[in-house]
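S.K.: Take the given structure of chain A and dock chain B to it, following the hints.
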Amino acid sequence: MTGRRTQYEIYWEILVFCRTPRAFTVVINRCDLNSKTGQEYLEFLVGKGYLERVQEGERTNYRATERAKEYTVLFSELYQRLFDTIPGFKL
Amino acid sequence: MPRMTKDVTSEFEAELRSFFVLSLFNMVFGALAMAFGIQFIVTAGVALQNNGLLTIPLFIQVLVGLAAAVLGLWWIRSTIKIFRGVNEVRREYRATKKPVPGETLTGLIVRMMAHYRENKMTIRAMTVICALGGLVYLALGITNIFQGVAWVMAPGSAISPEFAFLAAGINLTIGLVSLFSSTWFHRYSASWDARLDQASLSEEILKKTLDQETG
Numbered sequence: 120m121t122g123r124r125t126q127y128e129i130y131w132e133i134l135v136f137c138r139t140p141r142a143f144t145v146v147i148n149r150c151d152l153n154s155k156t157g158q159e160y161l162e163f164l165v166g167k168g169y170l171e172r173v174q175e176g177e178r179t180n181y182r183a184t185e186r187a188k189e190y191t192v193l194f195s196e197l198y199q200r201l202f203d204t205i206p207g208f209k210l
Numbered sequence: 077m078p079r080m081t082k083d084v085t086s087e088f089e090a091e092l093r094s095f096f097v098l099s100l101f102n103m104v105f106g107a108l109a110m111a112f113g114i115q116f117i118v119t120a121g122v123a124l125q126n127n128g129l130l131t132i133p134l135f136i137q138v139l140v141g142l143a144a145a146v147l148g149l150w151w152i153r154s155t156i157k158i159f160r161g162v163n164e165v166r167r168e169y170r171a172t173k174k175p176v177p178g179e180t181l182t183g184l185i186v187r188m189m190a191h192y193r194e195n196k197m198t199i200r201a202m203t204v205i206c207a208l209g210g211l212v213y214l215a216l217g218i219t220n221i222f223q224g225v226a227w228v229m230a231p232g233s234a235i236s237p238e239f240a241f242l243a244a245g246i247n248l249t250i251g252l253v254s255l256f257s258s259t260w261f262h263r264y265s266a267s268w269d270a271r272l273d274q275a276s277l278s279e280e281i282l283k284k285t286l287d288q289e290t291g
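Protein sequence lines correspond, in order, to chains A and B.
Mapping to the working numbering: the first sequence position 57 is 176, numbers consecutive.
Mapping to the working numbering: the second sequence position 120 is 196, numbers consecutive.
Pulled out of the complex, with its shape left as it was, chain A reads as follows (with noise of 0.2 Å):
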């Protein structure tokens, strides 16, 4: 996903792609950052417990936790009441 998007928009798009453990390389080519940046989003939502690190032989993967449900429930929610309340354009 390409464009200016917020914090939270990555946060949400992260975890949604972390239900099933990835690689970091994976998160950050699909969430389109570069490695700094991801490492950081990456570190925040450890730190929150939203995300987990899972040993796999030797590769260390990603996976969202039960917690991280509860934002990106919230998140889709708030994103949706958008379309929900907000006057649409239409021709």
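It is possible that part of the hints are untrue.
Claimed, not checked - Here are the simulated DSBU-like cross-link-like pairs (lysine-lysine), alpha carbons at most 35 Å apart as the crow flies:
#	chain 1	residue 1	chain 2	residue 2
1	B	LYS284	A	LYS167
2	A	LYS188	A	LYS209
3	A	LYS188	B	LYS174
4	B	LYS283	A	LYS209
5	B	LYS173	A	LYS209
6	B	LYS284	B	LYS196
7	B	LYS283	A	LYS188
8	B	LYS157	B	LYS174
9	B	LYS174	B	LYS284
10	B	LYS283	A	LYS155
11	A	LYS167	B	LYS283
12	B	LYS283	B	LYS174
13	B	LYS196	A	LYS188
14	A	LYS209	B	LYS174
Claimed, not checked - Here's a subset of chain A near chain B, in silico, CB distances under 10 Å, partners left out:
#	residue
15	LEU193
16	LEU197
17	TYR198
Stated by the list, open to error - Pair ranges (Cβ atoms, derived):
#	chain 1	residue 1	chain 2	residue 2	range
18	B	LEU142	A	GLY166	51 to 61 Å
19	B	LYS173	A	ASP151	22 to 32 Å
20	B	ILE218	A	ASP151	44 to 54 Å
21	B	THR198	A	THR179	38 to 48 Å
Calculated from the structure, these hints are not laboratory results.
Beta carbons are placed, not taken as given, at the ideal position from N, Cα and C, and that holds for glycine.
M.R.: Leaving out everything else, chain B in the frame of chain A:
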């Protein structure tokens, strides 16, 4: 699962379709504007070759043609940029199995938000340019009508009435569509600006949620 996903889906779909059509319209009319501008320059060039004299009306015709061609080119380029982003989201939406899962819909909404943030200034510029372009083309159309009427009243002037009335029709159509486009772009911007404002308030809620989790 968020409430009213079905309503939100149809609202999103209708809006996506409307903006897609608006972008497509603009590309076609941008191309027409450019073609018409070039045609103005070419006819002025032919007249110059025949008369061997660059008169003031001919010079003005070249300037107007050049302005229309440049405007048309800018119009097409800007629309293509906007169109590409909308088309990507539209394709993804169409490829999604119906009913669209709530999370997929949220992802598409996020993409449209990002697309609007990125193209906000271009869309605002389109509102102004379409209005200005519309007025210019309406003026050209009205001039063509006068030219046609002038020939009917005093046959033998440089431009034939068939050509003048055809040109009037084309110019007036481009002018009207441009003015409508300007209004539509304005309405689109108004909707998305309101959503961005609302999203800023939502960010406060999300921030609080993230902060609570730490505590």
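S.K.: Does LYS174 (chain B) lie within 35 Å of LYS157 (chain B) when you go C-alpha to C-alpha?
M.R.: holds, 28 Å
S.K.: Is the interface hint satisfied for LEU197 (chain A)? The criterion is a beta-carbon contact with chain B at less than 10 Å.
M.R.: holds, 4 Å
S.K.: Can you tell me whether the CB distance of LYS173 (chain B) to ASP151 (chain A) sits inside 22 to 32 Å?
M.R.: Between LYS173 (chain B) and ASP151 (chain A), where Cβ atoms are some 25 Å apart, the hint holds.
S.K.: If you check the beta carbons of ILE218 (chain B) and ASP151 (chain A), does the distance land in 44 to 54 Å?
M.R.: Since the Cβ atoms of ILE218 (chain B) and ASP151 (chain A) sit about 49 Å apart, the hinted range of 44 to 54 Å holds.
S.K.: Would you settle whether the hint for TYR198 (chain A) is holds or violated, based on the nearest Cβ-Cβ distance to chain B being less than 10 Å?
M.R.: holds, 5 Å
S.K.: Under the criterion that the straight-line Cα-Cα distance not exceed 35 Å, is the pair LYS284 (chain B), LYS196 (chain B) satisfied?
M.R.: holds, 28 Å
S.K.: Does the hinted range 38 to 48 Å hold for THR198 (chain B) and THR179 (chain A) at CB?
M.R.: About 41 Å separates the Cβ atoms of THR198 (chain B) and THR179 (chain A), which means 38 to 48 Å holds.
S.K.: Tell me if the straight-line CA distance from LYS167 (chain A) to LYS283 (chain B) falls inside 35 Å.
M.R.: holds, 12 Å
S.K.: Below or equal to 35 Å on CA atoms is what counts here, so check LYS283 (chain B) against LYS209 (chain A).
M.R.: holds, 32 Å
S.K.: For the pair we were handed, LYS283 (chain B) and LYS174 (chain B), check the Cα-Cα distance against 35 Å.
M.R.: holds, 32 Å
S.K.: LYS283 (chain B) and LYS155 (chain A) were given as a pair; does the straight-line alpha-carbon distance stay at or below 35 Å?
M.R.: holds, 22 Å
S.K.: Does LYS174 (chain B) sit within 35 Å of LYS209 (chain A), going by the straight-line distance between their CA atoms?
M.R.: Holds, at about 22 Å.
Violated hints are absent here; each numbered hint is respected by the structure.
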